[in-house]
Amino acid sequence: MAITPEEKKRRQAVMEREKHVISKLNDISDIRERVRRDKALNNDEVDQVEEQPQRKIAKPSTDSDKSL
Amino acid sequence: MILSSDDALFGSAKRVLVDANIVIAYFDQKHVFHPKVHARLNPIYLAGADFFFVQPCLLELKEYWRRKMLSETIELQLSNGYRLFRKFETAYINFSVENRRRGHLYLNDYQLKKLREVLENIAAGKGIKYWLMLCGHALNGKLAQLEQDLTASNFKYAKFDDGDVFPLELKSKWPKWSAADLLQEKFGLASSDAAILNMTNGGRDVDAFVSNDGDVLFAVAGGALKNTIPTYTFLGTAPYQF
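These protein sequence lines are chains R and D, in that order. Using the numbering used here, you'd call the opening residue of the first sequence number 6 and step up by one each time. Using the numbering used here, you'd call the opening residue of the second sequence number 58 and step up by one each time.
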């Protein structure tokens, strides 16, 4: 498949740019910084927090209920 | 026809439709196939081939990236020595051990749901507050950025009416949902996989398809793609011959 030298150059430039894009996309230093800044939220109260009871699901009424 | 990605014929492809898992491996530097996919696709691109992806690929990539970012953020919190809610931390560690044993990099959708449910049961809304904070840290701006980067890459977004893969003048030949439904019903495929195969069949002048998805390859081996479109895979071809 023949492509022009200009097209080849354009494609090389796309790939070069893409290397930086992929590297930036995988870089999580911004997340690291957000996590670091919010240390206070994580989680001084852990031991004091109690679990709340499981949410209750209403049971369907029984025949005896209906008789009421 | 399913061929190895090393096959010489792949090098002469001009218009290649890529499956979601190939785009994922291309973008995630931690993915086990990342080096191999680049080593094979880049020279083909430089030789003049065009790579296309369709909308379900974008959705699958975003779904993968959501799981990747949330997993990596929890990992960061733990490696920073933060104290997380005990039940949440225990559940996360158990899932991580299980995933490592299976060779999976990130939490799956089921595991994320379970972790969120653990937090929902922590009193006074503190668990929910933590989950929302985690989402903010992990995902804020990431998915929009991902889409922007993907569309600016050497993969072209093959949208309907894009004038290239699905040109308006060929609207009568655009893929129909009913054809995707048939693929799904015959092979038990996920909706997005069936849509990707169907769009590959209906795309103008697509002369190659590449996938690393066992379900998709199974369907291709069973005749889900037109025989004018050879399928290439990095997985090896032996298990997929009917």
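Do not rely on the hints blindly, as some may be mistaken.
With a straight-line Cα cutoff of 25 Å, these simulated BS3-like cross-link-like pairs (lysine-lysine) come out [to be verified]:
1) D:K186 with R:K29
2) D:K233 with D:K243
3) R:K29 with D:K213
4) D:K233 with R:K24
No lab work stands behind these hints: they were computed from the structure. Just so you know, these numbers come straight off a predicted model, no measurement behind them.
Here's how the hints hold up against the structure:
no.	hint	in the structure
1	D:K186 with R:K29	29 Å, violated
2	D:K233 with D:K243	16 Å, holds
3	R:K29 with D:K213	20 Å, holds
4	D:K233 with R:K24	36 Å, violated
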